Amino acid sequence: MATLEIDGVTKVYNPDGPDGGVEAVSDVSFDVEKGQFLSIVGPTGCGKSTLLKMVAGLIRPTTGTIRLDGVAVTEPADEVGIVFQEDSTFPWRTTLRNVEFGLEMRGVDRAERRERSREIIDLVGLSGFEDAYPNELSGGMRQRVAIGRTLAMNPEIMLMDEPFGALDEQTRLILGEELLRICRETEQTTFFITHSITEAVHLSDRVLVMSARPGRIKRIVDVDLERPRKADVVTTDRFNRIVDQIWDDLREEAEKGLEASHRR
Amino acid sequence: MATSTSSPVHRLVDDPVTLGRLLVPVAIVVGWELLTLLLGADLLPGPVQTLGAIQAGVKSGWVVPNLVNTLLTIAMGFAIAAVAGFVVGVALGSSETGYQFFEPFVLNTYAIPKIVLFPIFLFIFKLGMDQKVAFGAFHGFFPMVIITMTAVRELPDIYLDVGRSLGLSRLQTARHIVLPYIIVHLVVALRFAFSLTFLGVILAELFAAKSGIGLYLRNAMSVFNTQRIMAIVTILMVVAFLGNLAFYAVQLYLEDRWNLSAEKVV
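Sequence lines, in order, name chains A and D. Each residue of the first sequence is one higher than the one before, counting from 1 in this note's numbering. Each residue of the second sequence is one higher than the one before, counting from 1001 in this note's numbering.
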């Protein structure tokens, strides 16, 4: 059985508004299998983040259901971890205390959460920076802290909303490669949002291509590149064929999205 | 610090900021003495005569009880202003409707010279301690509300999203996300609340009171007792200075504890 089932989900913002509201996501259905890495790409404003927030239980779908291990999601579940695009590390906490934050709130005793947090810090490659505050770390390192804070909770599924979006290209590639290693070691199910096709193909088992607003699924692409993948996979022909294929799908949608945003 | 082995005097010379800060009060006292020489000691008693007047006042027994009375009034007014201002500030800062409704009212009330409302306080609380406490608290309340409200509103949504995604209770969110975020602003708010409560209490004592150091200032002014005026002014300045220093020390401690030096305010 799939870990995550998205079943006919539609989201309309402000449905009681004068113009009947804005339809952000329209009749989207797909499944995510356990241990799978699934990415969503789509033009700006296609409802990617809306979809993620619904899976996270932060907002409710207007129609349709989202099930996690067969149970409908209505509020943030313990089994779901989120990594946000913006810097979400707490500036008043060190790396260690940021990573252990969720465990601390859940009442895990100090010795146990410290041990777990140190393992996670090692996993995300921040050993030696346990006592550093976020303002002493680079953007990429802060994002590792945020990933660590989510992983420490041992979530069934990890939702990532353009987690590397604010980082430069090199850091992005390196962190992507690190993320693949972490997901392999933890057998983590991951639901990843990005606007970078390269990044999506590099990381994913499957890529969902979404249309311009209202967001629908335009195509599902299986990425059959062998694992483990290194960052240099991006130079292979097969990789680039997949990227080109997705790009052809997206170009049309991106133009529609642009037109729509110009009209507004 | 690299220079920690050298003498304190050497360190002072190496650190022009600290040196400058210490020199300012010295310059003020020197300027005061010069002004006394210019205007004559009858019109403006100098530092030495003033110290003598304070000593005489302590000996004759009116300084200490009245100073204690005033400080107690300030402490009570400040406590009320701090607690009420914090509660109202958090409430208005975390409710969009509340903020939209009350923000203009709060800012406008803050802007009016509150002394014009003094007669109303006198009617309600009658002459005495209650009235002084209330008038002081009224002054201190506004900076507390305004700064707390603004700080709560500035809390980035992303932190609340993190809290929700980790399933935090409202209390946990308040204690572990909102409070650490606003704490440095709170210290600043408390500092302003203190100095304005101080102002309110002294104003009340100057206008109508049965006790307190401000009452003695008014009496000294009405008989033009310049030595006593300078004595009280000096005492009040020292109190204000020490109070402010205490808040500054708390602020430095908290900035260190919560790593807030990176985003310093005021």
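No lab work stands behind these hints, which were simulated from the structure alone. Small disclaimer: the values here were computed from a predicted structure and weren't measured. Keep in mind that a hint or two might mislead.
[Stated by the list, open to error] Some, not all, of what chain A presents toward chain D, calculated at C-beta under 10 Å:
1) A72
2) E75
3) Q85
4) R93
5) F129
6) Y133
Glycine included, every Cβ here is placed at the ideal spot set by N, Cα and C.
Checklist entry - Which earlier hints can't be squared with this structure? => result Of the numbered hints, 1 and 5 do not hold.
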